[in-house]
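4 protein chains.
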Amino acid sequence: MAHYIGRNREARQTYGFDDVALVPGSLTIDPEDTDTSMDLGGIKLKIPFLASAMDGVVNVDFAVAMNKLGGLAVLNLDGINSRYENPQEAVEKLVNCKPEESTEIFQKIYKEPIKPHLIAKRVEEIKKHKVPCAVSCIPQNAGKFGPIARDAGADIFFVQSTVISVRYESSKQKSLDLYKFVKEMKIPVVLGNCVTYRASLELIETGAAGLLIGVGPGAACTSRGVLGIGVPQVSATVDCAAARDVYFKKTGRYVPIITDGGMITGGDVCKAIASGSDAVMIGSPFAKAKEAPGRGYHWGMATPHANLPRGTRVHVGTTGSIEEILFGPARTDDGTQNLVGALKTSMGALGAHNIKEMQMVPIIIAPSIKTEGKLLQKAQVVGMGKQK
Amino acid sequence: MAHYIGRNREARQTYGFDDVALVPGSLTIDPEDTDTSMDLGGIKLKIPFLASAMDGVVNVDFAVAMNKLGGLAVLNLDGINSRYENPQEAVEKLVNCKPEESTEIFQKIYKEPIKPHLIAKRVEEIKKHKVPCAVSCIPQNAGKFGPIARDAGADIFFVQSTVISVRYESSKQKSLDLYKFVKEMKIPVVLGNCVTYRASLELIETGAAGLLIGVGPGAACTSRGVLGIGVPQVSATVDCAAARDVYFKKTGRYVPIITDGGMITGGDVCKAIASGSDAVMIGSPFAKAKEAPGRGYHWGMATPHANLPRGTRVHVGTTGSIEEILFGPARTDDGTQNLVGALKTSMGALGAHNIKEMQMVPIIIAPSIKTEGKLLQKAQVVGMGKQK
Amino acid sequence: MAHYIGRNREARQTYGFDDVALVPGSLTIDPEDTDTSMDLGGIKLKIPFLASAMDGVVNVDFAVAMNKLGGLAVLNLDGINSRYENPQEAVEKLVNCKPEESTEIFQKIYKEPIKPHLIAKRVEEIKKHKVPCAVSCIPQNAGKFGPIARDAGADIFFVQSTVISVRYESSKQKSLDLYKFVKEMKIPVVLGNCVTYRASLELIETGAAGLLIGVGPGAACTSRGVLGIGVPQVSATVDCAAARDVYFKKTGRYVPIITDGGMITGGDVCKAIASGSDAVMIGSPFAKAKEAPGRGYHWGMATPHANLPRGTRVHVGTTGSIEEILFGPARTDDGTQNLVGALKTSMGALGAHNIKEMQMVPIIIAPSIKTEGKLLQKAQVVGMGKQK
Amino acid sequence: MAHYIGRNREARQTYGFDDVALVPGSLTIDPEDTDTSMDLGGIKLKIPFLASAMDGVVNVDFAVAMNKLGGLAVLNLDGINSRYENPQEAVEKLVNCKPEESTEIFQKIYKEPIKPHLIAKRVEEIKKHKVPCAVSCIPQNAGKFGPIARDAGADIFFVQSTVISVRYESSKQKSLDLYKFVKEMKIPVVLGNCVTYRASLELIETGAAGLLIGVGPGAACTSRGVLGIGVPQVSATVDCAAARDVYFKKTGRYVPIITDGGMITGGDVCKAIASGSDAVMIGSPFAKAKEAPGRGYHWGMATPHANLPRGTRVHVGTTGSIEEILFGPARTDDGTQNLVGALKTSMGALGAHNIKEMQMVPIIIAPSIKTEGKLLQKAQVVGMGKQK
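Protein chains in written order, with the working numbering: chain A, 11 to 398; chain B, 11 to 398; chain C, 11 to 398; chain D, 11 to 398.
Be careful, since some hints might not be right.
Note: identical chains are not told apart, hence a pair may lie in one copy or across any two.
[As the list claims (entries may be wrong)] As a list, the in silico BS3-like pairs of lysine-lysine whose alpha-carbon atoms are at most 27 Å apart:
(1) LYS184 to LYS366
(2) LYS259 to LYS103
(3) LYS78 to LYS259
(4) LYS54 to LYS182
(5) LYS138 to LYS259
(6) LYS184 to LYS138
(7) LYS103 to LYS54
(8) LYS154 to LYS196
(9) LYS366 to LYS182
(10) LYS182 to LYS56
(11) LYS366 to LYS190
Source of the hints: derived by calculation from the structure; they are not laboratory data.
Build out the structure end to end from the sequences listed, making use of the hints.
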């Protein structure tokens with residue numbers, strides 16, 4: 011519904027996870043009979059969970075462990091893993107530095123140049139374990155890093171920026187031609203992030219194998235605070251899912267969308283899929299895994315930005331293994347563990363046999379007033395920007 | 011009113027207790043002249059209050075005391091009372107264990123198998139005092155426990171699950187045929203929980219004597235957080251009351267609905283009935299009674315869940331007798347005591363002679379911004395899930 | 011605008027002071043040129059401020075001081091002033107008792123019977139100073155106390171109950187015939203409290219000289235919490251003002267309405283009048299006056315209720331004289347002092363020459379998110395119920 | 011959309027910065043290619059930032075430094091700079107006094123009469139550095155101070171009051187004829203503050219060179235609390251921008267509007283311009299500059315008010331130079347530094363080449379729930395009133 015925010019100026023009301031809830035109906039299903047699998051560019055994922063391309067979350071070991079479990083961890087090619095032979099050594103410096111010197115140390119650590127041979131090395135290290143390999147970089151680096159990763163054996167490539175669009179204007183640098191890049195990469199390419207019907211339709215038309223949905227998703231997000239930009243994830247996901255569905259009707263090609271950011275609990279994950287998403291990408295919950303390189307810390311790729319740093323190093327603690335976080339048993343009752351169990355239980359109670367049915371369960375508007383503690387927790391998680 | 015949460019996707023706005031208020035009009039009545047009685051499956055209740063089937067709230071003694079006062083306490087047949095000869099001994103272990111070991115101890119205590127002969131014994135212990143006897147179990151146990159309880163003399167049987175529906179699919183277990191069960195039980199059967207017009211209509215059509223309304227009712231509820239599922243109680247009650255009324259018009263059979271969960275204060279109880287409910291089921295206020303077995307503690311049936319535990323043992327303290335909680339005098343001014351007095355005072359101020367008139371008083375939307383303390387208190391109460 | 015809160019059930023959205031703001035336009039006026047006077051039953055008030063009939067706020071001395079300043083303090087005839095020869099002695103006991111014994115002591119102090127000769131005495135004490143004398147009691151006492159007060163010289167009589175209505179049903183006590191009472195009193199009678207168009211129209215038709223508007227006004231109000239009853243003051247005032255205006259058009263008799271309760275700041279007072287009120291009745295701000303008998307404490311008339319006590323003794327402190335609270339200079343910047351100065355400054359900025367123009371300034375919906383501290387302060391003030 | 015707040019009374023819903031967000035689309039631009047310049051009365055500003063005419067923020071040195079950087083600082087002619095030969099001496103007294111004596115000392119310091127020769131002196135001190143000179147006073151002083159400032163070389167004159175209107179009524183003082191004043195000043199005159207379409211159209215028609223938009227902008231603003239008056243800035247800006255555009259279509263004269271007040275972060279600045287503003291006026295962020303005379307403190311012109319003081323001295327600390335605050339590098343991630351960088355980054359992500367395109371980017375309604383800390387910070391900033 012459009013509202014007037016002033017004379018002759020309309021604005022739509024948009025909705026985030028905390029604004030909605032899912033409604034059980036006349037059919038319930040045994041959770042064990044629900045099917046959570048999905049297909050991303052030909053890679054069959056048993057569970058619709060992707061781990062964010064953040065240096066505190068995904069390294070080679072994490073990717074191997076996660077992908078064996080049926081999800082997909084994405085390794086960041088712009089970060090520490092392609093700058094240092096021994097990335098864990100660099101991570102330790104970031105994790106152990108004092109708060110007052112952290113900005114300086116972050117900027118220093120990330121000044122080390124990226125080494126192309128390390129890109130190939132990381133891909134090979136993952137592929138050695140016979141699991142799918144997913145890697146990611148920003149548009150400015152894609153033309154160079156993409157072919158290296160592909161030739162080393164990567165199965166799928168992510169090009170990610172705070173906001174990506176088919177049309178990019180710059181008087182100084184040549185912009186990446188997404189049509190050409192997708193075509194020449196030959197392996198599937200996922201593009202992100204976007205939030206509108208039109209932008210996602212244009213991105214799908216490049217031949218992309220998937221889209222990441224989410225810009226400034228949270229009410230307390232850094233992008234919202236610093237740039238004023240952001241769309242709550244329920245509305246963003248519904249809109250981009252509509253683009254996916256329209257394109258599918260026209261062409262028969264189904265391009266999955268992945269809601270990325272703003273989710274804390276199993277409930278948030280369920281709502282993202284109920285809003286039309288095919289999978290979710292999350293960082294913070296996995297930063298708590300004992301396999302995560304950050305050992306209980308994580309940070310966004312905008313943290314070391316030289317001129318406009320956004321987000322800080324956040325301590326989330328270590329609470330269990332990836333397997334426990336995904337499949338339980340949960341040790342807490344706050345919805346942050348056994349995420350797959352929560353999704354399957356929710357699907358059962360909602361009568362959804364699979365992800366595609368879950369995308370169509372009824373949603374109501376039912377605001378939840380967050381206590382300050384919950385809000386702050388959320389703020390930390392969604393405040394992790396991406397480097398542009 | 012339906013809103014668009016995104017392209018081609020509508021969602022209704024829903025309302026909970028904190029979103030509404032009741033409006034006094036042109037007639038007022040002496041509170042002592044108001045009639046709060048209702049009929050549930052042939053059992054005449056003087057006051058429309060049911061006590062939740064929770065192990066910290068209802069045991070045999072509590073049920074006898076409460077039912078003598080004109081309300082109806084429901085004994086849980088899936089819990090401690092049918093697992094242990096001496097249930098209070100088990101309760102003491104739960105109540106006295108340290109927080110860090112509570113999950114383990116809860117899981118252990120609830121691993122003890124249920125003994126059918128104890129089901130019969132508990133029913134007989136209640137019936138010995140010439141009061142109505144109400145017992146409850148989950149759908150999976152109903153086929154077995156129902157006949158035992160009935161044959162032992164139970165007057166009314168509750169089948170309760172987080173979400174109940176006429177249609178349940180499972181590849182492993184045979185689902186309970188609700189039509190057949192209700193018919194063969196012969197004593198009245200109450201089914202719950204449900205939240206939608208259609209689901210409640212289908213449940214009423216099984217021949218049920220009553221319905222429990224409420225799934226994930228609270229803004230801070232565990233079901234909302236973990237599963238994303240929930241409907242605020244005002245809207246859920248209004249919708250299910252409409253199903254009851256339509257069925258009554260068609261058939262002449264009046265099937266009362268009972269709002270279950272999310273209520274803390276007398277004001278919440280008044281709003282539940284004003285939304286169309288015939289009675290309320292509450293747990294937390296009664297856990298504070300000196301007759302409650304939990305001695306100031308209570309917990310939900312999902313607390314000991316092996317893989318996805320929800321809710322924890324909550325300390326609410328002991329504030330008075332059941333009689334004081336129901337009929338006063340209130341020792342606090344927060345609306346949690348003298349609940350019947352509050353209901354009658356409200357009915358008087360609103361000019362409602364009886365429950366059926368109270369179901370039709372005017373409601374307005376008048377959000378109350380809760381302070382954090384109140385929110386947290388509410389969170390504790392509504393965070394008590396039910397075992398599925 | 012009506013919304014559906016569920017199937018076939020509509021509810022209007024209502025608004026309180028924190029939900030709205032006033033909009034300056036194309037004309038501004040020198041605040042000193044604004045006229046705040048109003049007429050209540052023939053009594054000309056220079057400022058549209060009434061002090062609530064609460065024992066911690068108004069005694070004889072307070073009434074004399076306030077009424078000299080051009081406002082109108084109302085003395086409660088159901089309280090301490092008509093129970094004790096030396097009321098201040100009783101007040102001291104209430105003010106000095108320990109919190110844990112306060113309910114008991116309140117109930118004891120208010121058990122002392124009312125002495126009719128003290129009613130006359132208090133009225134005469136006020137009239138001795140040649141100021142208007144306003145007194146108040148509940149409907150049950152009005153038939154007896156009214157004539158005594160009138161014969162002793164009272165100028166105006168208030169009949170006040172949480173909710174008043176022309177029609178009251180009781181099997182035990184004879185209800186007050188408001189038509190007859192108003193007619194036989196001969197001095198002007200103000201009736202309250204009410205909140206709807208129809209109820210206020212019916213009350214006006216009794217011949218009342220004014221109405222008090224407000225039932226459970228605040229989001230954190232006791233009536234809201236305990237009884238579920240309440241209407242936010244902006245909507246209540248707009249509705250009752252419409253009844254006043256319709257009656258005036260039909261009959262030519264103008265019956266002023268007085269918004270009572272829920273106001274903390276000068277801004278709230280301005281919004282009450284902008285919503286259509288002719289005057290405001292406030293308690294808490296005056297409890298802070300050094301002339302107030304409660305010496306920084308105040309309490310509602312439901313605090314000593316035997317069975318359902320509502321509200322407690324609240325400490326607000328002493329901040330200045332009545333004159334400073336009304337006319338400044340303000341010593342704080344929170345809007346609780348120099349209330350008349352704030353009203354005149356607001357009227358000037360809004361281009362309203364007098365109260366009747368102020369009743370028509372533009373209002374917008376512009377929610378203010380309160381910090382918890384402010385909320386709690388508000389909760390204390392509006393939590394003061396009235397004895398029914 | 012208009013809503014009924016009660017019988018026959020409509021009110022529009024209005025929106026502030028925290029209620030909305032900006033939506034990226036199908037085009038992105040290199041931030042360095044965006045153009046933030048604007049023209050105010052013939053003065054070309056490279057960046058659309060004005061510094062508020064507050065004594066803790068702008069003195070001669072600050073104005074010189076800021077205006078060299080391409081923005082415009084406005085010197086207050088009603089304050090310390092025109093009352094004292096050595097204004098910094100007076101500022102030191104305000105900054106160093108104890109909280110409990112601050113009201114008294116503020117009132118004393120501001121009792122010192124204004125010296126016309128100091129007005130000329132300050133203007134000349136600024137002009138000596140070959141930068142634009144902007145000065146400000148209240149309407150009551152404009153007739154006298156305007157010509158002095160102009161003759162001393164001021165380039166642009168601001169007439170500012172809490173609410174300004176073409177029509178002002180006073181029985182005691184002659185009101186300023188804005189038409190005549192603007193015409194006779196010959197240098198450009200900016201008028202403020204206003205918030206409605208009609209008021210701004212009338213002010214533009216006086217020949218004004220610009221308007222300041224904003225009255226009681228914040229949810230926690232002093233004007234809101236004390237006077238009940240205020241319009242959230244997004245709606246106020248949209249409405250006044252419509253007046254500007256209608257006038258431009260009719261006459262071909264483009265009169266820029268400047269959103270003044272209620273902004274804390276770069277995100278707020280971006281939203282103000284996206285709402286249709288040509289520039290922003292801010293105080294608090296610049297009070298943190300090491301060039302600010304208040305050395306980390308600031309206060310509004312209503313703070314020393316004799317009878318109705320509003321706002322207090324606020325400590326914001328000193329965080330960097332004006333250049334760092336405007337152009338970075340940011341040392342914090344809360345959006346309060348590198349404001350120009352944030353604006354350009356936002357414009358790039360939104361595909362806006364210049365301010366006029368930025369005025370038309372899509373806005374959505376996407377409420378952000380503020381934590382209490384953020385709210386309080388905001389309260390301090392927007393609580394700074396202006397002297398009337």
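Hint numbers the structure violates, sorted upward? Violated hints: 2, 3, 5, 6, 7 and 11; rest satisfied.
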